[in-house]
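Visitor: The lines below spell out each chain.
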Amino acid sequence: MSDAAALPAAADEPRWQRLHPATLALALVRIGPRSLQFLPAVAALGFTGNWVWIVPAILAYLLIALAAACLQWMRFRFLVGDDEVVIESGVLSRQHRTIPFDRIQDVSIEQGLVSRALGIAKVGFETGAGGKENDAHLDAIGLDAAQALRTTIRAHRSTPVAAPAADAPESAPAPAEDRLLFAMGPRRLLVAGLFNFSLAALAVVGGGMQFFDNLLPFDFNIFNPMDWIDIAGRYGLDSWLLAHRWIAGIGAAISLLFIGFASGVATMMFANWDFRLTREPRALRRTRGLTTRTDVAVPVKRVQAAIVVTGWLRKRFGWHELRLQSLASDGEKERDHQVVPFGRIEEIDPVLGEVAIRRPDDAQAWHHSHRIVALGPIIGATAATIGGGIALYLGNAVGWLGIVAAPLIALIALWAARYHLWADIGDQVAIRRGWWKPKMTLLPHASVQSVDLKTDFILRPLGLATLVFGVPGGSSLASHEIPAIPLGVAQDLRARILTAGLRR
Amino acid sequence: MTDTAAAPTDPFAPDALNASEGLGPVDPAYGHVLRITTALNMLPLAIGATLFDLLVMPRIGGPTGLVSVAAWLFAAIAIVTFPARRVSRWGYRIGEGQLRVARGWLFRTDTIVPFVRVQHIDVGQGPVERWFGLSHLVVHTSGTHNSTVTLPGLQADLAAAMRETIRRHIQTDFA
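Going line by line, the protein sequences match chains A and B.
Read in order, the letters of the first sequence correspond to residues 1 to 504 in our numbering.
Read in order, the letters of the second sequence correspond to residues 505 to 679 in our numbering.
Treat each hint with caution, since some may be false.
Unchecked claim - From the structure, some residues in chain B lie toward chain A, with a derived Cβ separation under 7 Å: (1) Trp576; (2) Arg607; (3) Thr615; (4) Arg621; (5) His624.
What the hints assert, rightly or not - Here are the simulated distance ranges between beta carbons: (6) A:Phe270 <-> B:Thr541: 33 to 39 Å; (7) A:Gly90 <-> B:Trp635: 41 to 47 Å; (8) B:His673 <-> A:Arg94: 35 to 41 Å; (9) B:Phe556 <-> A:Pro40: 46 to 52 Å.
Stated by the list, open to error - Every beta carbon over 12 Å from chain A, so not counted as near; a handful from chain B, in silico: (10) Gly528; (11) Gly535; (12) Ala543; (13) Leu549; (14) Leu558; (15) Met561; (16) Pro567; (17) Ala588; (18) Arg590; (19) Ala606; (20) Pro618; (21) Gly628; (22) Arg671.
Worth flagging that the hints you see were computed from the coordinates, not collected in a lab.
All values reported here derive from a predicted model rather than from experimental measurement.
Backbone N, C-alpha and C define an ideal beta-carbon position, used for all residues, glycine too.
All chains, full assembly: derive it from the sequences and hints.
Guide: Now the structure itself:
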């Protein structure tokens with residue numbers, strides 16, 4: 001099967017290939033969770049008293065699912081031609097798709113836990129056509145075949161474009177093959193995980209404990225201070241504890257903290273184990289993951305913008321995260337590429353250098369957005385006050401929550417409004433925002449596709465306008481906008497950015 | 505900070521806004537298009553309100569006639585007054601290698617798309633637009649924020665000419 005990569009010398013007769021047979025094993029594994037759909041039917045059988053039929057029904061379901069998987073496997077074939085990939089699929093409605101190599105922006109290779117055991121990988125072709133359903137993939141072929149296929153497509157891509165790329169400034173130094181730019185060892189992952197403290201998992205665990213309270217073999221909820229008192233009472237500590245009730249609170253708090261940290265470390269370890277970012281001739285390549293190893297290449301010329309994210313606390317310790325917004329998007333789950341999940345700013349700068357984006361230095365003078373950007377949250381706070389008042393009037397004590405929260409929201413909004421900053425640094429715009437989760441977007445003028453200048457009935461009397469940039473790729477983190485800046489400044493900036501874009 | 509001298513003085517002057525920003529108006533006939541589409545949207549609502557008044561109100565003992573009067577009044581205002589105003593807020597300018605489209609008053613958005621950034625162009629014509637010989641131009645960019653920019657209310661031949669102008673500039677600058 002690894003002749004997928006054989007150079008198309010004798011490609012006269014079509015050489016159709018099938019997916020790796022181990023894909024069937026993968027399909028078997030997938031039937032597991034999918035059989036949940038079958039649960040209602042089982043329940044129906046159970047309720048009507050036809051217990052005898054449950055096992056045959058399940059068997060029949062499994063058999064049909066397996067047959068369907070087999071059929072799909074048999075009806076799926078693909079062909080790697082001279083300059084295109086052809087995929088035929090579908091059992092009842094046939095689908096024939098041709099993807100020219102020219103249009104494939106990148107080939108991603110992904111391996112789940114089972115795939116790694118079987119030595120197969122899912123190959124995705126990113127064509128830049130938006131939406132998940134538009135991207136073709138081969139699920140799955142052998143790992144070596146996948147890598148060979150990627151090499152073939154990349155080799156094809158680099159040949160015709162080499163000439164125009166020569167005048168690009170960043171390709172001048174002719175970088176060595178596969179230079180390691182950034183890697184994360186277990187120590188770094190541990191530190192990153194500690195900063196990744198998250199109570200999200202806690203909510204899940206806590207909710208689960210509430211839900212399964214009666215099912216658990218032990219009747220103990222670690223979040224419930226009363227349970228801590230109980231356990232102490234069992235050891236004869238109750239008389240002492242009742243006097244020192246706060247001990248119970250601390251116990252609950254400690255277990256809370258522990259779960260938060262542990263889940264943070266665990267998610268970081270699973271996602272970023274053995275993180276490596278390497279510079280290839282035309283792309284930055286990232287491999288990471290403990291159980292699911294992914295291998296993604298971000299073509300350097302397609303990088304549209306860079307986003308440096310940090311957190312209120314991790315900034316104090318000098319830790320930052322770098323994401324690149326690229327035309328070849330990573331699919332639904334990750335719209336921008338996290339190329340440095342957790343690193344020092346000195347480690348981020350070289351990576352930025354590779355994509356020809358520079359970070360403004362500390363001496364950079366920043367412009368402020370107008371304080372009016374806090375208006376939205378303040379309106380929200382007012383609404384919370386009114387709602388709280390109404391609730392109190394109706395005799396619901398929850399209303400105090402709204403009344404207490406409102407001034408807090410307003411204060412935080414006013415405070416955070418000071419952190420809407422921007423600067424025009426030569427050929428790129430830098431936009432900073434956020435106080436709790438500061439992020440800095442570095443947007444080269446050349447990647448701006450369109451500019452909106454927005455005013456409304458609030459901004460106009462103040463002589464303000466908001467600039468919104470249309471940038472390819474899209475990012476979950478950053479909307480590319482500079483809110484509430486003076487109208488004249490906005491018009492100047494717009495003109496500068498657009499002329500820069502035209503010059504390219 | 506507020507040194508905006510040339511702000512439009514009379515917010516309700518129909519063409520002052522566009523003129524002060526150097527934009528040309530769209531075809532006034534687009535007002536009729538908007539009026540008809542608004543009518544097509546509002547009439548079913550008003551009729552539904554009347555039916556509700558006639559059939560349901562007597563049973564629940566509500567005030568008869570109130571809902572239908574309100575609905576028809578609202579529909580009449582929406583059909584008669586708003587379309588003309590909305591049309592006067594649309595403005596565009598084509599030239600200097602870029603297309604500029606502005607719309608709205610309460611929330612005004614002024615979009616500029618350089619021709620070289622255009623991925624592809626549509627010229628569309630709905631049945632009502634065809635009636636008045638109008639077309640709309642849709643410009644697609646690869647940006648996620650403004651992936652389509654629509655400019656309605658163009659004479660059909662003007663829209664075609666604009667499409668040709670923009671098409672000459674389209675080039676793929678991706679590697």
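Visitor: If a hint holds in the structure, say so; if it does not, say that too.
Guide: Hint check results:
Proximity of B:Trp576 to chain A is violated relative to the hint, the smallest CB-CB distance being about 29 Å (cut-off 7 Å). For B:Arg607, the interface hint is violated, the least distance from its beta-carbon to any beta-carbon of chain A being 10 Å, above 7 Å. A least Cβ separation of about 5 Å between B:Thr615 and chain A falls short of the 7 Å threshold, and the interface hint therefore holds. With its C-beta approaching chain A no nearer than about 5 Å, B:Arg621 sits inside the 7 Å limit, and its interface hint holds.
At its closest, the beta carbon of B:His624 sits 13 Å from a beta carbon of chain A; the interface hint therefore is violated under the 7 Å criterion. Between A:Phe270 and B:Thr541 the C-beta distance comes to about 53 Å, which lies outside the given range of 33 to 39 Å. Checked against the given bound of 41 to 47 Å, the beta carbons of A:Gly90 and B:Trp635, roughly 43 Å apart, stay inside it. Distance hint for B:His673 and A:Arg94: a CB-CB separation of about 40 Å, consistent with the stated range 35 to 41 Å.
B:Phe556 and A:Pro40 have their C-beta atoms about 38 Å apart, which leaves the hinted 46 to 52 Å range violated. Distance to chain A confirms B:Gly528 as a non-interface residue, since its nearest Cβ pair spans about 17 Å, more than 12 Å. Once the 12 Å rule is applied to beta carbons, B:Gly535 is consistent with being away from chain A; the minimum gap is 23 Å. For B:Ala543, the requirement that its beta carbon stay farther than 12 Å from each beta carbon of chain A is met, with the minimum near 27 Å.
Its beta-carbon lying about 27 Å from the closest one in chain A, B:Leu549 satisfies the requirement of being farther than 12 Å from that chain. Distance to chain A confirms B:Leu558 as a non-interface residue, since its nearest Cβ pair spans about 36 Å, more than 12 Å. Non-interface status of B:Met561 relative to chain A is upheld: no Cβ of that chain comes within 12 Å, the nearest being about 29 Å off. For B:Pro567, the non-interface assignment is confirmed: its Cβ lies about 27 Å from the closest Cβ of chain A, beyond the 12 Å cut-off.
For B:Ala588, the non-interface assignment is confirmed: its Cβ lies about 20 Å from the closest Cβ of chain A, beyond the 12 Å cut-off. For B:Arg590, the requirement that its beta carbon stay farther than 12 Å from each beta carbon of chain A is met, with the minimum near 15 Å. Consistency note on B:Ala606: stated as away from chain A, yet its beta-carbon is not over 12 Å from all of that chain's, at 8 Å minimum. A cut-off of 12 Å between C-beta atoms contradicts the statement that B:Pro618 is not in contact with chain A; the least separation is 6 Å.
Consistency note on B:Gly628: stated as away from chain A, and its beta-carbon is indeed over 12 Å from all of that chain's, at 19 Å minimum. Non-interface status of B:Arg671 relative to chain A is upheld: no Cβ of that chain comes within 12 Å, the nearest being about 17 Å off.
Against the hints set out earlier in the document, violations occur for numbers 1, 2, 5, 6, 9, 19 and 20.
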